[in-house]
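**Student:** Sequences and hints are given; from them, build the entire structure.
Next come the chains, spelled out residue by residue.
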Amino acid sequence: MARENKENQRDSDLWSAARASWRDAGGAAPDALTLAAYLDGRLEAAEQARVEAWMAGSDEALDLMLAARSAASEPAPAALVARAQGLIGGTEPAKRRVGGPVARLLAPFGDWFAGALQPAGWAASAAALLLLAAGSFELGQFGTQEVAAMQSLVGQEIAATLPQTSDDSLL
Amino acid sequence: MTDDFDDDLGPLLSGGKAAWNRFVARYAPVIYAGVRRKLVPAGRADDAEDVAQDVFLRLCQRDFRLLRNYDSARARLSTWLTVVATSAAIDHLRRQKSGHQPLESVPEARLAVDPPKEPVRVTIPPGLLSPRQALVLELLYRREMEVAEAAAFLGVEAQTVRSMHHKALTRLRAHFVDQDSAESASGQGDGGGPGHVQQS
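Protein chains in written order, with the numbering used here: chain A, 11 to 181; chain B, 607 to 806.
Don't read these hints as lab results, they were simulated from the structure.
Within a straight-line C-alpha distance of at most 20 Å, the following computed EDC-like cross-link-like pairs (lysine to aspartate or glutamate) qualify:
#1 B:Lys623 <-> B:Asp669
#2 A:Lys16 <-> B:Glu750
#3 B:Lys773 <-> A:Asp21
#4 B:Lys703 <-> B:Asp653
#5 B:Lys703 <-> B:Asp660
#6 B:Lys703 <-> A:Glu70
#7 B:Lys773 <-> A:Glu14
#8 B:Lys703 <-> A:Asp73
**Tutor:** Spelled out as structure tokens, the structure:
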């Protein structure tokens with residue numbers, strides 16, 4: 011038993027000394043798809059040899075492949091799933107295309123318009139637009155009067171600060 | 607286990623929310639396991655969720671650029687995602703390692719400097735060992751795996767591993783015996799190299 015252990019240690023030392031050659035010749039890391047293909051046993055002999063040379067020459071490479079080989083699926087926390095699902099937001103692209111030319115025209119202003127202008131929402135949309143138009147009309151009237159008053163006030167203030175000159179001196 | 611998305615990533619790559627939700631629900635366990643496989647032994651289990659989230663982010667950002675690299679003709683989606691996740695965990699550990707750590711927070715024992723130890727380094731000619739033979743030696747000696755474990759990793763029979771191990775050692779020994787003989791004949795050898803070990 012002791013003799014066997016000693017021999018084993020000698021062989022181990024021999025490989026430790028020789029593996030420097032592999033470390034030097036390991037080459038660049040293959041891409042993730044090639045590594046996955048290796049683990050699935052789908053590589054041609056030459057590509058398989060390249061991956062094995064890379065693994066034999068790099069501790070980190072072999073770590074990666076051993077970990078990937080032994081990783082078994084395990085339940086993911088619900089919080090992770092919710093966060094990851096939240097990375098993609100919005101409605102389905104197919105739904106965004108529904109709604110005709112008006113909906114497409116309003117699409118840049120948000121999905122609400124596009125959704126509201128789908129056939130089922132025509133009545134509600136028409137009522138909303140009517141209300142919006144009436145409100146704008148009132149606002150426009152009020153706004154016009156307000157703007158005119160403001161312009162008059164500002165004009166008076168500017169005139170008071172200007173030196174008294176004739177129109178010719180400004181030419 | 608079948609990979610639901612192997613054959614058709616189309617709805618997912620067109621940005622469909624429902625397809626993405628399904629993809630996340632299906633592969634979160636795969637990605638989470640791949641990440642944890644590296645982080646737990648390194649004592650960084652608490653980082654697993656963040657690293658897994660980062661993998662999902664990398665998969666979907668820039669219009670699913672990473673995910674578009676996947677080719678179902680070459681490997682299973684779950685295997686590819688496991689490699690991507692494990693690789694992300696290794697990157698994370700590397701970044702943590704290279705990050706700043708206040709000197710006063712490092713235990714004294716870890717700051718102790720070992721006396722310089724010159725590793726024995728020999729060169730073997732290209733082709734002396736096949737990549738697989740070298741890998742078998744690496745798995746058995748440096749990773750201290752059992753023959754059965756190495757065989758499982760390589761996807762071969764245990765007897766095949768034994769055979770490759772034997773052939774690899776025979777070649778290495780023969781090479782160093784020849785090298786030592788040549789050095790002795792020319793009066794250059796000191797008899798202390800790896801080949802000397804093999805002659806006893």
